[in-house]
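Student: Given chain U's structure and the hints, the job is docking chain L onto it.
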Amino acid sequence: MGKNQSLMKLSKVSKVFLKGSVDEVTALDNVMLDVGAEDFITVIGSNGAGKTTLLNVISGVYPPEKGGKITINGQDVTRLSEHKRARYVSRVYQNPHTGTAAKMTIEENLSLAILRGQSRGLRIASNKKCRELFRSVLAPLGLGLEDRLSAMVGTLSGGQRQALALIMATISKPSLLLLDEHVATLDPKTNRIVLELSEMIVQKEKMTTIMVTHNMKHALRYGNRLTMMHKGKIIVDIHQKKKSDLSVNDLIVAFEHASGERFADDSIMLRNTDS
Amino acid sequence: MDYVINLLSVSLYEGLAYGFVTLGVYITFRVLAFPDLTVDGSFPLGGAVAATLIVGGVNPWLATLVAFIAGICAGLATSLLNTKLRINALLAGILMMVSLYSINLAIMGRSNVSVLREVTVFKQTAQLFGIEPTTTLSIIFMVVLAIVILGILNWFLRTEIGLALRATGDNGQMVRGLGVSTDTTTIIGVSLSNGLVALAGGLIAQKQGFSDVGMGIGMIVMGLASVIIGERLFRPRGVTTILFAVIGGSLVYRLFLGIALRLGLPPNNLKLITALLVIIALAIPYIQKKVRGEWMPPAARM
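So the sequence lines, in the order shown, correspond to chains U and L.
For what it's worth, this note's numbering labels the leading residue of the first sequence as 1, then goes sequentially.
For what it's worth, this note's numbering labels the leading residue of the second sequence as 1001, then goes sequentially.
One chain only, chain U, in its complex shape (with noise of 0.2 Å):
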């Protein structure tokens, strides 16, 4: 636990998926986590491992199963739906098409960001407040975006989309930010600016930050705690002091120790060649 008061609180959080069948899968294992304001958790796995789910769980994309419970700001959340969730939760998915509206202007898709989880009602969508409002924060990006307000989402690209997401997931300031492998489909060059601008923004805003990757070198290098998930469970979950000490084979002997298996997954390994 950090040394700040506690944001979010899953406990006995898990997910099975095809229950009763052979196929049966359990995604999540009694997952307890405790998230202190402020607090950016790296969270690191091979697939399978229940990370994704884990955010599905927290977004409110399905609920938990039955004896679970997530409470954020100490209200509970654990039966509440994805679209009543998202006031305290927001989330840049993988895939920048997934964050942002393709065939609507630059403005739209920020006009639709800025009421996140406010009641919407029949005013004009945006006026020159707003127009303002949006260019002063899309300039810090450094991507020209502030000068293409009615550009369609659709003509950018994906650094530009994924870049314009993550201001559609923080430009609300919701209590915590989900980030969902959120560069793993960018290229390196893409990847570093829109890592370093996610890190601004979660340092500037003082946001709440989850973030899945399979980059052990991110984990490492962003955040302030950083947790490794295996078989539906949190089977390392290391602090900043030991973290800034941390190297990757520290990583693989933390997994080895905790998971009692020797760690032999490749993927990992080949992504900890890119930047």
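Take these hints with a grain of salt, some might be off.
Claimed, not checked - Chain U is nowhere near these chain L residues, computed Cβ spacing over 10 Å in every case: (1) Val1144; (2) Ile1149; (3) Thr1182; (4) Gly1209.
Stated by the list, open to error - Have a look at the derived ranges for each label pair, beta carbon to beta carbon: (5) U/Leu122 <-> L/Thr1136: 33 to 39 Å; (6) L/Arg1235 <-> U/Asp187: 29 to 35 Å; (7) U/Arg123 <-> L/Thr1136: 37 to 43 Å; (8) U/Gly48 <-> L/Gly1238: 43 to 49 Å; (9) U/Glu132 <-> L/Leu1128: 44 to 50 Å; (10) L/Trp1155 <-> U/Leu246: 54 to 60 Å; (11) L/Ala1260 <-> U/Arg123: 42 to 48 Å; (12) L/Gln1127 <-> U/Ser81: 52 to 58 Å; (13) U/Leu122 <-> L/Ala1299: 35 to 41 Å.
None of these hints come from the bench; they were simulated from the model.
Heads up, the beta-carbon is just placed ideally off N, CA and C, and yes, glycines get one too.
Tutor: Relative to chain U, chain L alone:
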């Protein structure tokens, strides 16, 4: 010359009236990406409600308004089947379309109701200005109504709710992630769409002098044809131009239809020709890619 003027004026009038059907089809198919087939039932529903009420002595304006509301209810039923009972959108529309056939017969008590001798909105407007109910008057009537409805839609699609509606068809996952229930936006959109379609049905019934239970057959294909013509011809960009292009598509479609009929096309072949038009328009992108040797994914089944 009279011949041409007559052709143009009828196309203008009908193009605007059926333009409301086209707007409805545009809202479901394009804005919401919800292929709604309720249209074939909600169009005659509007006619049935308006005609039956007018024959019963109700003020034609009120009767037309009730027709609009009846269409909203039909759309509401379809969207509830889809969002609350999770029935596939196409199937939900077909179920409502079939149900409406019986409902429309029940409303009218028989397969058609005449309003030829009744006071319609057109006759009442003429009376109001102390003139004869001519075609010119009904054109002016429709132009005014079209401007009002386009104005309202143009405003609505720019509001906070309207924006969420448009994003629903574009990226529903994102909309939910931003805190809007896509169930709600779907219900609003499909209801509004069928309200417009039923309004058109009510107006057409009053203009042609009767409501018939079969008057909705092929309405969805006609609406789609008009939307496609509008999009291909005017290449719109942005909400306002899209709305005008959709109405424009309906006008062009009616004009072509009028010309074809006058050149001796048997009216019985109309629906076949319209269907062929839509098939060609939908197949062109695939054929173009095939010619260029590009790959295209198989068509969706559901």
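Student: May I ask you to check that L/Val1144 keeps its beta-carbon over 10 Å from the closest beta-carbon of chain U?
Tutor: L/Val1144 clear of chain U: closest Cβ-Cβ about 23 Å, beyond 10 Å.
Student: Assuming the hint says 42 to 48 Å, is it satisfied by the Cβ distance from L/Ala1260 to U/Arg123 or not?
Tutor: holds (46 Å)
Student: May I ask you to test the hint 37 to 43 Å on the CB atoms belonging to U/Arg123 and L/Thr1136?
Tutor: holds (39 Å)
Student: Between U/Gly48 and L/Gly1238, does the beta-carbon spacing fit 43 to 49 Å?
Tutor: Holds, at about 45 Å.
Student: So is L/Thr1182 really clear of chain U, every C-beta pair being over 10 Å apart?
Tutor: violated (8 Å)
Student: I want to verify a distance hint. Is the separation of the beta carbons of U/Leu122 and L/Ala1299 within 35 to 41 Å?
Tutor: Holds, since U/Leu122 and L/Ala1299 (Cβ atoms, about 38 Å apart) stay within the stated range.
Student: With respect to the beta-carbon atoms only, verify the hint that L/Trp1155 and U/Leu246 lie 54 to 60 Å apart.
Tutor: holds (57 Å)
Student: Using the beta carbons of U/Glu132 and L/Leu1128, state whether their distance is inside 44 to 50 Å or not.
Tutor: Holds, at about 48 Å.
Student: Just to be sure I understand the hint, the distance between the Cβ atoms of L/Gln1127 and U/Ser81 should be within 52 to 58 Å; is that true here?
Tutor: For U/Ser81 against L/Gln1127, whose Cβ atoms are near 54 Å apart, the range 52 to 58 Å holds.
Student: Does the beta carbon distance between U/Leu122 and L/Thr1136 stay inside 33 to 39 Å, or does it fall outside?
Tutor: Distance hint for U/Leu122, L/Thr1136 holds at roughly 36 Å.
Student: Confirm or reject the claim that L/Arg1235 and U/Asp187 have a C-beta distance inside 29 to 35 Å.
Tutor: Roughly 33 Å apart at Cβ, these two residues keep to the hinted range, so it holds.
Student: Far enough from chain U: is every CB of that chain over 10 Å from the CB of L/Gly1209?
Tutor: holds (38 Å)
Violation of the numbered hints given earlier is confined to hint 3; every other hint is satisfied by the structure.
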